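Protein chains in written order, with the working numbering: chain A, 127 to 389; chain B, 36 to 368.
Bear in mind the hints are in silico, worked out from the structure with no lab data behind them. Warning: the hint list may mix true and false statements.
What the simulated footprint calls covered on chain B by chain A, stretch by stretch (three residues with Cβ under 8 Å from a Cβ of chain A suffice, anywhere in the stretch; the number is not a length) [what the hints assert, rightly or not]: (1) 95-109; (2) 121-127; (3) 134-144.
Residues from chain B that face chain A, not an exhaustive set, calculated with beta carbons under 7 Å [to be verified]: (4) Met114; (5) Phe116; (6) Ser118; (7) Val250.
Note that the structure is a prediction, hence the values are computed from the model and not measured. All residues carry an ideal CB built from backbone N, CA and C; glycine is no exception.
Residue strings, one per chain:
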Amino acid sequence: MTLVAWTIGILMFWPILWTFLTSFKTEQDAVLMSQLFSTGWTFENFGIVQERSDYLRFAMNSVIIAFGSTLLCLLFAIPAAWSMAFSPSKRTKDTLLWMLSTKMMPPVGALLPIYLIFKEYRLIDQHIPVLIIMFMLNLPLVVWMLFTYFKEIPVDILEAARMDGAGIWQELSRVLAPMALPGIASTFLLNVILAWNEAFWTLKLTDVHAAPLTVFIASYSSPEGLFWAKLSAASTMAIAPILILGWFSQTQLVRGLTFGAVK
Amino acid sequence: MSRIELNAVRKNFGTLSVINGVDLDIYDGGFTVFVGPSGCGKSTLLRLIAGLEDLTSGHILIDGRDVTELGPAQRELAMVFQSYALYPHMSVRNNIGFPLKMAKQSEAVIDAKVRKAAETLNLKDFLDRRPGQLSGGQRQRVAIGRAIVREPKAFLFDEPLSNLDAALRVQMRLEIMQLHKSLGATMVYVTHDQVEAMTMADRIVVLNQGRVEQVGSPLELYDRPKTLFVAGFIGSPKMNFISGALASKHGAATIGIRPEHVQIGDASGAIHATIRIAEHLGSDTFIHVDSADLGAMTVRATGNIEAAPGTALSLTLDPARIHRFDASGQAIF
Ligand SMILES: Nc1ncnc2c1ncn2[C@@H]1O[C@H](COP(=O)(O)OP(=O)(O)OP(=O)(O)O)[C@@H](O)[C@H]1O
Ligand SMILES: [Mg+2]
Numbered sequence: 127m128t129l130v131a132w133t134i135g136i137l138m139f140w141p142i143l144w145t146f147l148t149s150f151k152t153e154q155d156a157v158l159m160s161q162l163f164s165t166g167w168t169f170e171n172f173g174i175v176q177e178r179s180d181y182l183r184f185a186m187n188s189v190i191i192a193f194g195s196t197l198l199c200l201l202f203a204i205p206a207a208w209s210m211a212f213s214p215s216k217r218t219k220d221t222l223l224w225m226l227s228t229k230m231m232p233p234v235g236a237l238l239p240i241y242l243i244f245k246e247y248r249l250i251d252q253h254i255p256v257l258i259i260m261f262m263l264n265l266p267l268v269v270w271m272l273f274t275y276f277k278e279i280p281v282d283i284l285e286a287a288r289m290d291g292a293g294i295w296q297e298l299s300r301v302l303a304p305m306a307l308p309g310i311a312s313t314f315l316l317n318v319i320l321a322w323n324e325a326f327w328t329l330k331l332t333d334v335h336a337a338p339l340t341v342f343i344a345s346y347s348s349p350e351g352l353f354w355a356k357l358s359a360a361s362t363m364a365i366a367p368i369l370i371l372g373w374f375s376q377t378q379l380v381r382g383l384t385f386g387a388v389k
Numbered sequence: 036m037s038r039i040e041l042n043a044v045r046k047n048f049g050t051l052s053v054i055n056g057v058d059l060d061i062y063d064g065g066f067t068v069f070v071g072p073s074g075c076g077k078s079t080l081l082r083l084i085a086g087l088e089d090l091t092s093g094h095i096l097i098d099g100r101d102v103t104e105l106g107p108a109q110r111e112l113a114m115v116f117q118s119y120a121l122y123p124h125m126s127v128r129n130n131i132g133f134p135l136k137m138a139k140q141s142e143a144v145i146d147a148k149v150r151k152a153a154e155t156l157n158l159k160d161f162l163d164r165r166p167g168q169l170s171g172g173q174r175q176r177v178a179i180g181r182a183i184v185r186e187p188k189a190f191l192f193d194e195p196l197s198n199l200d201a202a203l204r205v206q207m208r209l210e211i212m213q214l215h216k217s218l219g220a221t222m223v224y225v226t227h228d229q230v231e232a233m234t235m236a237d238r239i240v241v242l243n244q245g246r247v248e249q250v251g252s253p254l255e256l257y258d259r260p261k262t263l264f265v266a267g268f269i270g271s272p273k274m275n276f277i278s279g280a281l282a283s284k285h286g287a288a289t290i291g292i293r294p295e296h297v298q299i300g301d302a303s304g305a306i307h308a309t310i311r312i313a314e315h316l317g318s319d320t321f322i323h324v325d326s327a328d329l330g331a332m333t334v335r336a337t338g339n340i341e342a343a344p345g346t347a348l349s350l351t352l353d354p355a356r357i358h359r360f361d362a363s364g365q366a367i368f
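Next comes chain A alone, as it looks inside the complex:
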């Protein structure tokens, strides 16, 4: 059993490991696929990549788009999910399903009209429009996630607070918010990761000025043939920040999630 789990784990982790190791190889070594470990380790790929394209600008754009769109999502999704979880109406179920159904459409279907709108109004390669597309893209998912978290909060506890003399504001700040926060935090993190890695729209709608790290990686994959070591170095640099963020927040999140676990 453990053996199977390990095998699957290693298989899934393999591409990431390969990318990581390759980023430290010379280009000559990198094309020899059979050889996992390089003979001569080098950092020069990272240097070249940084020199040739401005990593920091791409990274900054990723931060703006991922965090900005996620915050915008939360701004709209928290009240929406809140009212659906705590005062549902007859249509709440249908609304939720409808929202999810928008995620079932292949994005290519919407690409052309949106691309044309962007072209027409000169929105391509600008931060705010891309951020808004990302926001609209992820909003249904964020509402769903928050809804399931809020739904877990027992109504009894809110009623107990009311019996205990809490006014609406105290109920919100002292009882609801502390219980809802872990759910909001993990939704936030997950959505930042999703937005960070989103490539379909960002590749089409940005170019230089507002381009995030996905574009940065892509720029190493085509024009001048195969430079696997540099591509790998670029990929490693692109996913490093989000991996570090995930790593640091995981203990925080696990603690947050378990402390609501009282029924």
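Given the coordinates of chain A, assemble chain B with the ligands onto it according to the supplied hints.
Just chain B with the ligands, lined up with the frame of chain A:
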């Protein structure tokens, strides 16, 4: 401490009418228990008193003051929920102190009152724990502590013990009764467990389909049930009901007799029966018998009685203990 009056209280959920005109007087300092089968509206009635549901029509008065339009906070009642409903992110200390904090009491007063409640409820060693780190019984005590600290006008309990195991339930039952004695407070307690109702209440309100069937002391309900429903609901094992010739002979559509008021004798008696199965409790034996004349009956015999299935015996009904009911289920006294 206070008196709660319900006048013609009705509650509909959409088109479903759940409480159908309840008039009830809950005395100051009493221990009133609402019992009834699942879905009869016990919780809804309690929540109407608490202010957690709005009335469709009718009035609720506390100490003569009409509170129908007031929110739960202004009614100054405390409620203990079946699920405990503790605040998971707060320590036991802050859970118990929360109502006082909401009432803007000073830190010193809160501290003293929390300490006192914790002492009463044996929670002193757990004050700094979170609810998640407590057992079911301890959580229930915290919930009770949270209710007693602000000295409410009355306590409302909604099946507070049903998540506890049997032994703990008996213990907590005693603790709540003791608390009632020492505080002298008005308590309203909802349960579907008629043993709990019989042992704890000074007054039982039997509810059925959103109506009050009967109100009375436990023994009143036991000895003089006003309806067939109450007769069948109160008492364990259930009262035996007999209709047909024997009932007509007593001038009733149905007669009822409790298992403890049926005597068994040897097979020479008037009413013949055979033993189907026997339950041995040690102190008592419940004997389930089949009788050609009366149908299936349950007999309760004191002590441990030898009762092999298939054995023939005879039954004698204690004539003074026969309850008579008319065709509409009302008792004929
Ligand atoms: N918020 C609600 N909306 C619609 N119907 C409700 C609501 N609350 C309760 N009901 C209905 O009202 C009836 C009475 O419910 P209530 O919870 O008062 O029963 P109960 O006597 O407490 O039962 P139990 O012993 O199972 O707790 C039930 O048929 C229930 O389905
Ligand atoms: Mg109930």
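Hints the structure fails to honour
7
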